[in-house]
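Taken in sequence, the protein lines are chains A and B.
With my numbering, letter number 320 in the first sequence gets 320, and the count goes up by one each step, no holes.
With my numbering, letter number 243 in the second sequence gets 661, and the count goes up by one each step, no holes.
If you're looking for bench data, these hints aren't it; they were derived computationally from the structure.
One or more of the hints may lead you astray.
Stated by the list, open to error - Listed next, the in silico SDA-like pairs over lysine to any residue satisfying Cα-Cα at most 20 Å (straight line): (1) A:Lys-336 with A:Asn-321; (2) A:Lys-229 with B:Leu-552; (3) A:Lys-229 with B:Ile-562; (4) A:Lys-172 with B:Asp-559; (5) B:Lys-459 with A:Ala-224; (6) A:Lys-229 with B:Ser-658; (7) A:Lys-384 with B:Asp-568; (8) A:Lys-384 with B:Pro-479; (9) A:Lys-223 with B:Ile-562; (10) A:Lys-384 with B:Val-480; (11) A:Lys-172 with A:Ala-224.
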Amino acid sequence: MRGCHALFAGALALLLAAAATASEPVHIEFWTMSLKPKFTQYFEALVQRYQAQTPGVELEWVDVPWDVLQTKLTAAIAGGSAPALAQMNVPWAYDYARDGAIRPVDELMGAARSAYTEGALQDVTFLGHVYGFPHYNSVNVLTYNRALFAQAGIDHAPATFLEQLAIAKRIKQRTGQAGFSPALGKIAGVFLEEGLPLIEGGRAVFNSPRHVAFLSELADAYKAGGLLKDKLFSEDNFPASIDAYKAGRLAMMVAPPAALLRVRDDAPDVYAVSDVAPAPVGAAGVVAGGWLFHFAMPRGIQGRQAQEAARFALYLTNAENQLAFSRLAGTFPTAKAAIEDPYFQNMRAGTDVFSKAVATGASRMASVRTLYVAGIPGFEQLNKRLQDAVEGAVIGRRDTQEALDAAAAYWNRRLGAP
Amino acid sequence: MGGARSGLVAWCFLAPALVLLVLFAFWPVLWGGYLAFTEYKIITPPTWVGLRNFEDLLDDPVFFISLRNSLVYLLIVPAIQLAALALAVLVNNRLPGIRLFRAVFYMPVVTSVSVVGIMWGWMYSDQGLINAVLQWMRLIDEPIGWLSDDRIALFALMFVTFWRGLGWYMVMYLAALQAIPGEIEEAARLDGAGAWRRFWKITMPMILPTVLLCSVLSTLGAVKVLEEVLIMTKGGPISSTYTGLYYAYDQGIRAFHFPRALAASLVVSAICVLIAVLNFRLLRPRQP
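Bound conformation, chain A alone (with noise of 0.2 Å):
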């Protein structure tokens, strides 16, 4: 009889435990990069939603700088006091993917994962699991001066690359203005998009014919004027850009639509003279500027606290939410129902400038994603010696054949080429 007595006290003390916790609230913090304070209400009204419509959950929204939030999020997951989600983009995704440092959310997405584009989804799968809950997605636009367009006698906006640096040199011929700035800093996504490949077969394959060719034309552009030279081999050319095209320096510009909103805002002369029309699309097919946000898990992060975040970011990413965020900031949602919104139809009819570029993204979507270099061992370094020859031979420094072989002749002792 005493043991049954004690039997039914430990399963009581057991019960009474587990309801205890059960009833605790699940701390969730998450991390988002440089949104404050131009989306503190947002992100203030969302949270405040979701724990009245969620009790039990304890959130908590800690904005990072973009420019530390590797660090510190890299500190924190070594430390144990990783938050329980942190937006990221993909090439960061893929490397804490590969290292273990976050956690596969397959299981806890679930039937949701048909929410999302395909497009996003395949950006953050890593090694056959998806790694993270798609949030915005950018598509670049190009927008063009139609006064400097006019001037040089160019009635049409250019269709590729090379086309674009055509009109370059001859806008700079007829109105001494560069016609446009490519991300030559971020050269090696500048050739996967022109479907000039890195490696092929283990080896590197950047001085062939085709780079050679390709890097000539931009060097052909550069010595004529064609490029803005201020910052042009800089990791991010984008503030230089939009800097010269606001002050009317800038024939194109090929950037995310919300660029438009800082040309209306800082220079509404040559807004009013601005078009836009689809960014270029180079041979392999993929529009320009993808570059997803998305929430990733860190590693540790398990049971009921992993559940309600995943919960949580299913619902921050949901299409409501999303299509508001969008319309906030210019961005382009990843849920599908949220890209098929009237928003943006309605968009599509607008006359606005901005409207139409929004359009625009927005039409491209499918066909968006997220370009980099994954998988080669101590790419960093192997990047730097094939960026300061295309530095050299786009400048005239170097002969490009020559530039290329010896930096190709580095990246394949450094891997061990076969």
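For chain A, the structure is supplied; the task is to place chain B on it using the hints.
Just chain B now, kept in the frame of chain A:
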């Protein structure tokens, strides 16, 4: 007994500073030194790889460019020392408004390096003040790419370092000049020594310890230059403005390759120690 007690008291006073030094200086240096010989990604434990990170450095041409540029940067040491000394001699005079001049020359020292970098970035740009003035004076037809031409970008950065540091060394020399007793100068003047002779026979020997200090500081500062590169050129164009410390920063903070960054830092530290020793040997005041 008294000696032992006073020793204990001294250690007690030293302890707080020593603990902080051990925690925030010695321990990171030792741990960082160890990590330079490992493969380490923060989220995985370090594994010993011997000299592999140093071999990687030897295989990277950018590292050699960085070291060469750090040595080229040393050219500003004599320039900045001579200019600061000359300036200190000038502002050591009792002239109307001299305090204002001293403040103006010191202003770049107290200005944030970010502001300095952005300001000089604008001045050096194609549409910047320097090119505009040169074009207005019809000295050039096309803008000079001060920061985009690999042949001159490093020198443009060196000038900014020179501009930033001039006021600091001027103040140090000024303090040394004002510490020279007036009666010695007076006696030399009465004995018929001219200004040039007084400078070389009295002033220079008496400020030599300051010259040594300033030389060591500016030499180490030149070898360790980082901020100007980080803000203005990020090592470009064509890696022509990489310096030893910027290379370490780039490897660690941008490329996330901490062991290689630490290996590069060790090499830069060794160069700093070597140069400091040379400075002491060459400039140490000799006993008569």
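Going through the hints against the structure:
1. Among the hinted pairs, Lys-336 of chain A with Asn-321 of chain A is consistent with the structure: their alpha-carbon atoms are about 12 Å apart, no more than 20 Å.
2. Under the criterion of a C-alpha separation no larger than 20 Å, the hint pairing Lys-229 of chain A with Leu-552 of chain B is consistent with the structure, at around 19 Å.
3. A threshold of 20 Å between alpha carbons decides the hint, and for Lys-229 of chain A with Ile-562 of chain B the separation of about 11 Å falls inside it, so the pair holds.
4. Using a Cα cut-off of 20 Å, the hinted pair Lys-172 of chain A and Asp-559 of chain B holds, with the two alpha carbons roughly 16 Å apart.
5. Distance hint between Lys-459 of chain B and Ala-224 of chain A is unfulfilled; the C-alpha atoms sit about 45 Å from each other, more than 20 Å.
6. In summary, the hint linking Lys-229 of chain A to Ser-658 of chain B is supported, as the alpha carbons are separated by about 17 Å, within the 20 Å threshold.
7. The straight-line distance between the Cα atoms of Lys-384 of chain A and Asp-568 of chain B is roughly 16 Å, inside the 20 Å bound, and the hint therefore holds.
8. For the hint linking Lys-384 of chain A to Pro-479 of chain B, the alpha-carbon distance of about 10 Å falls within 20 Å, and the restraint holds.
9. For the hint linking Lys-223 of chain A to Ile-562 of chain B, the alpha-carbon distance of about 15 Å falls within 20 Å, and the restraint holds.
10. Distance check on the hinted pair: Lys-384 of chain A and Val-480 of chain B sit about 9 Å apart at the alpha-carbon level, within 20 Å; holds.
11. Between Lys-172 of chain A and Ala-224 of chain A the alpha-carbon distance is near 7 Å, which keeps this suggested pair within the 20 Å criterion.
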